[in-house]
Amino acid sequence: MAHSEQDVLRLFDEHHLPLYRFAWRLMGSAADAEDAVQEAFLGLLRPECAYDMERSGIRTYLFGAVRNQCLKRLRRRIDAGQTETADGRTPESELLRGEVADAVAAAIAALPETQREVLILAHYEQLPLAEIAEITRLEIGAVKSRLQRARATLREVLAAYAPVENTHE
Amino acid sequence: MNDTELDRLLDSWQVPPPAPALREKIRAATVRERYAEPRRRRTAPLRPRLRWLIATGVVFAALTVAMGQGSDSPAGSRIVQALSELWEHLADTFQAHRVAALVSQIRGADPQVSIDGKPGPALVFQHSMVFDLEVPGDGLYSITFFPKPLNGWKRTGQVKETYLEFEAGAHHVVIACNRRLMMSDSPIMVRRRGTK
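Going down the list, the protein sequences come from chains P and C.
Each step along the first sequence adds one to the number in this note's numbering, with nothing skipped, and position 138 is 138.
Each step along the second sequence adds one to the number in this note's numbering, with nothing skipped, and position 116 is 116.
Just chain C, same shape as in the assembly (with noise of 0.2 Å):
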């Protein structure tokens, strides 16, 4: 085979064009950076094993458990408070892997948004526990699963099994996914983070 026949035989391997939604997905993902907080310097994630998580977890509730049932003192009782607080912490680590996972499915289930009835514009992902949507005409939201309160976050909807469905501003917003969605029934939180 010479230069020429293998030439054409590599051209035969031509490409599909690219979603037209590419450029819109670009776009909107430009409005996103320009409301970002200013980039932080990356450091590893904090992602200690699951099973070392719940292992930890186990070992300090049967602890509390332990020392509430004998915290008569006031030592005791600083003691019970403080293994409080870790096991919310380590419950929040929790929610947080949780929450991630939910994302990342929502990403990779073809997400297609319906903002009052009309196709809106692809989601942004940039964030492993938020992702962003923008409004046309009104700005731009970040979204995310975690539920306890959080400042500036309101809850204005929840995961069904197959779609999100919640409030952004005075936007009633569908985000429709091809599969069926793990915690469901989870809280979507919404927080307006500018105007365009």
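So here's chain P without its partners, still in its complex pose (with noise of 0.2 Å):
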């Protein structure tokens, strides 16, 4: 169903800070965020938008868009025999730099792709489980369980960051 300008517009004010912030922890780029956002709008007014209001809700067919969008880049950064994000940081750089906030950004990074989306939509972006599986299209098992390996991997790899009892006094 394809949609006017107006209601793009308005969709974009309505969801396109959470959809960003999505495909940006995703990918690790601002101008992919934004070309994978602009894309999942832009597919909207287009005749063969795949988008049924009775089958989802918008929410859901926009966050599936940016995924698919955010996917095909990042098989192209695998063709393209790309490791690092898009401004040139790698995992391991960014634990060398001991910052609480690039040590988790990197240590998702480093988490599998499947394990990764589920991970940023339900901490970051805190939707529920069935709305997860219907935008990865997985049972809500599966996203149970791979967000479970998420957390027991990061709670492992972001052990030394863990905030320590003081001893002090």
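A hint or two may mislead.
Okay, the calculated bits of chain C under chain P, using three or more residues with CB under 8 Å as the criterion [as the list claims (entries may be wrong)]: (1) 1 to 13; (2) 20 to 31.
Computed spacing ranges between beta-carbons, pair by pair [what the hints assert, rightly or not]: (3) Ala130(P) - His89(C): 50 to 58 Å; (4) Arg75(P) - Arg179(C): 20 to 28 Å; (5) Arg137(P) - Val58(C): 46 to 54 Å; (6) Trp52(C) - Ala31(P): 28 to 36 Å; (7) Ser84(C) - Cys49(P): 42 to 50 Å; (8) Leu17(P) - Pro119(C): 20 to 28 Å; (9) Ala152(P) - Tyr163(C): 47 to 55 Å; (10) Trp52(C) - Ala152(P): 47 to 55 Å; (11) Gly108(C) - Cys49(P): 22 to 30 Å; (12) Glu165(C) - Ala159(P): 56 to 64 Å; (13) Ala101(P) - Met183(C): 36 to 44 Å; (14) Pro17(C) - Ala50(P): 26 to 34 Å; (15) Arg76(P) - Ser114(C): 29 to 37 Å; (16) Ala101(C) - Glu156(P): 42 to 50 Å.
I should point out that these hints are in silico values taken from the structure, not numbers from a laboratory.
A virtual CB, placed ideally from N, CA and C, is assigned to each residue, including glycine.
Build the complex: two chains, separate frames, hints provided.
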């Protein structure tokens, strides 16, 4: 179902921030994230747009469209032999910086793609598991297990950054 | 580390906000979509390897020259003409590769648009050899660099070392890039797509 330009801009105003955050966290590049979000919204204008309001909500559809765009770009990076994020950082170099946020970013970037997207949608965007299952086209059980594995890996990788008890007093 | 501690750690990773121009980019792209011709079913792009193109071109050029030297007969003349057309086609394909490379380079060079000396909207890149510019209050223009005269396209400027300078209707447009562009001095071909 194709939308009008006004519809697209209204939907953009309502939904673009979480979609952009999701794309940015998946790809680590502002330019790629913007492109992915733009393509997802433009898709709504096209006659071949597959959005069916009776099957899913618009937010779910848009997250799915952004996800597809991101995966397409990530595949291209792999085909081009790029293992770094678009701004030239690697997980290893990030860890060496020693900053907590960078270490978290690097640890998440090092997760398998299938766990990474589920973690981002669940933790950062606070989406319900059923919606994540719809976006990623998985069973809810698979979403749960991926999320658990991702968190277990992160707990292990980020153990050095765990808060320590204050023993001075 | 318990769940709460892990959540706190994860929350330290924040995302910078998107560029304020993103909404404008999408608005401009929606205008471009409005004027877009019906999308055709995508076919695999015709991209033979460049070295094969060059090798084939060299062979045909040699054949053309050889046939031209012995083209006294009408049959010889027809063959020369056919080979010339084929050669021209190969040259066009080669040129298309170069134009696509230039468009891609501009896209990655943070192009900043200025219309009549004032900042303009973002460019819209949808096709490999063409990009679009919406001139506020005037209409949508497509821009390419293919040098052959094409129906509906006008040559209105040329590529400079790090910027493009051309006319879109009655407006003077400069697109500044952050790096030196290939195909400097290439013609800029402009076509009006519609009014807003």
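Here is how each hint holds up against the structure:
no.: 1; hint: 1 to 13; result: holds (count 10)
no.: 2; hint: 20 to 31; result: holds (count 8)
no.: 3; hint: Ala130(P) - His89(C): 50 to 58 Å; result: holds, 55 Å
no.: 4; hint: Arg75(P) - Arg179(C): 20 to 28 Å; result: holds, 27 Å
no.: 5; hint: Arg137(P) - Val58(C): 46 to 54 Å; result: holds, 50 Å
no.: 6; hint: Trp52(C) - Ala31(P): 28 to 36 Å; result: holds, 33 Å
no.: 7; hint: Ser84(C) - Cys49(P): 42 to 50 Å; result: holds, 46 Å
no.: 8; hint: Leu17(P) - Pro119(C): 20 to 28 Å; result: holds, 25 Å
no.: 9; hint: Ala152(P) - Tyr163(C): 47 to 55 Å; result: holds, 53 Å
no.: 10; hint: Trp52(C) - Ala152(P): 47 to 55 Å; result: holds, 51 Å
no.: 11; hint: Gly108(C) - Cys49(P): 22 to 30 Å; result: holds, 28 Å
no.: 12; hint: Glu165(C) - Ala159(P): 56 to 64 Å; result: holds, 58 Å
no.: 13; hint: Ala101(P) - Met183(C): 36 to 44 Å; result: holds, 42 Å
no.: 14; hint: Pro17(C) - Ala50(P): 26 to 34 Å; result: holds, 29 Å
no.: 15; hint: Arg76(P) - Ser114(C): 29 to 37 Å; result: holds, 32 Å
no.: 16; hint: Ala101(C) - Glu156(P): 42 to 50 Å; result: holds, 45 Å
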